[in-house]
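Taken in order, the sequence shown gives residues 52 to 192; the numbers are from my numbering.
Hints listed in this document are in silico derivations from the structure and should not be mistaken for laboratory results.
Here the structure is a predicted model, which is why all the values come from computation and not from measurement.
No residue lacks a Cβ here, since even glycine has one placed at the ideal position from N, Cα and C.
Warning: the hint list may mix true and false statements.
Stated by the list, open to error - With a straight-line cut-off of 30 Å between C-alpha atoms, the simulated DSSO-like cross-links for lysine-lysine are:
# : residue 1 : residue 2
1 : Lys-162   : Lys-113
2 : Lys-162   : Lys-101
3 : Lys-113   : Lys-123
4 : Lys-152   : Lys-123
5 : Lys-113   : Lys-152
6 : Lys-123   : Lys-101
7 : Lys-152   : Lys-162
8 : Lys-113   : Lys-101
To be verified - Now the in silico label distances, taken between C-beta atoms and shown as ranges:
#  : residue 1 : residue 2 : range
9  : Leu-156   : Glu-120   : 14 to 22 Å
10 : Arg-87    : Asp-190   : 39 to 47 Å
11 : Phe-149   : Arg-119   : 15 to 23 Å
12 : Ala-91    : Gly-145   : 33 to 41 Å
13 : Leu-184   : Lys-101   : 33 to 41 Å
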Amino acid sequence: MPRAARKLKAVSKPSGFAEEGRPFLHEEIVRGIETRRVQALIDQGVLGEKQVYRVIPERTFKRRLANREALKVSEGNAIARFVRITEEANRIFGDAEFARKWLTLPNPVLKGRIPIELAETDTGAREVEGALLNFAYGDYV
52 MPRAARKLKA VSKPSGFAEE GRPFLHEEIV RGIETRRVQA LIDQGVLGEK
102 QVYRVIPERT FKRRLANREA LKVSEGNAIA RFVRITEEAN RIFGDAEFAR
152 KWLTLPNPVL KGRIPIELAE TDTGAREVEG ALLNFAYGDY V
């Protein structure tokens, strides 16, 4: 048990991963997240273009970026969820590259589904968070 406690303590450290460790706030999502902030997350490697384009078609995203338009609430919510899941995986694994791979490969714990694709919905994101927490506590099955 002490080993799990040490691991959990390491998991709770802030990563400073995206947006200086600050997730998107409710007010920002409702007001509309600026597309340039999402582009910055893509450029920093926090989010993949493929992830973003799963919830916002590429042409739509690029048009909004060019016109300096904000995301719709549902789109901003999905992006915030991706950032949250990505940061959680990074904290738990302690290695951003490994976390990125884990999020993009089919996972037997998630019935062969791909974690980042599950994160498109709130229910799926909760399943992914559950799998990550199980891993953090040493429960791999």
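Would the pair Lys-123 and Lys-101 pass a check requiring their Cα atoms to be no farther apart than 30 Å?
holds, 18 Å
Given the hint of 15 to 23 Å, is the C-beta distance from Phe-149 to Arg-119 inside that range or not?
violated, 36 Å
Lying within 14 to 22 Å: is that true of the beta-carbon distance Leu-156 to Glu-120?
violated, 33 Å
Is Lys-152 close enough to Lys-162, meaning Cα to Cα at most 30 Å?
holds, 17 Å
Against the range 33 to 41 Å, how does the distance between the Cβ atoms of Ala-91 and Gly-145 compare: consistent or not?
violated, 24 Å
Given the hint that Lys-113 pairs with Lys-101, test it: the Cα-Cα distance must not exceed 30 Å.
holds, 13 Å
May I ask you to test the hint 33 to 41 Å on the CB atoms belonging to Leu-184 and Lys-101?
Between Leu-184 and Lys-101, where Cβ atoms are some 25 Å apart, the hint is violated.
Assess, step by step, whether the Cα of Lys-152 is no farther than 30 Å from the Cα of Lys-123, and give holds or violated.
holds, 28 Å
Distance restraint between Lys-113 and Lys-123, which requires alpha-carbon spacing of 30 Å or less:
Distance ~14 Å between Lys-113 and Lys-123 Cα, so the pair holds.
Does the Cβ distance between Arg-87 and Asp-190 fall inside 39 to 47 Å?
holds, 40 Å
Holds or violated: Lys-162 to Lys-113, with C-alpha atoms at most 30 Å apart
With Cα atoms ~34 Å apart, Lys-162 and Lys-113 exceed 30 Å; violated.
Measure nothing beyond the straight line between the CA atoms of Lys-113 and Lys-152; if it is 30 Å or shorter, mark the hint as holding.
holds, 26 Å
The structure fails to meet hints 1, 9, 11, 12 and 13 from the earlier list, while all remaining hints are met.
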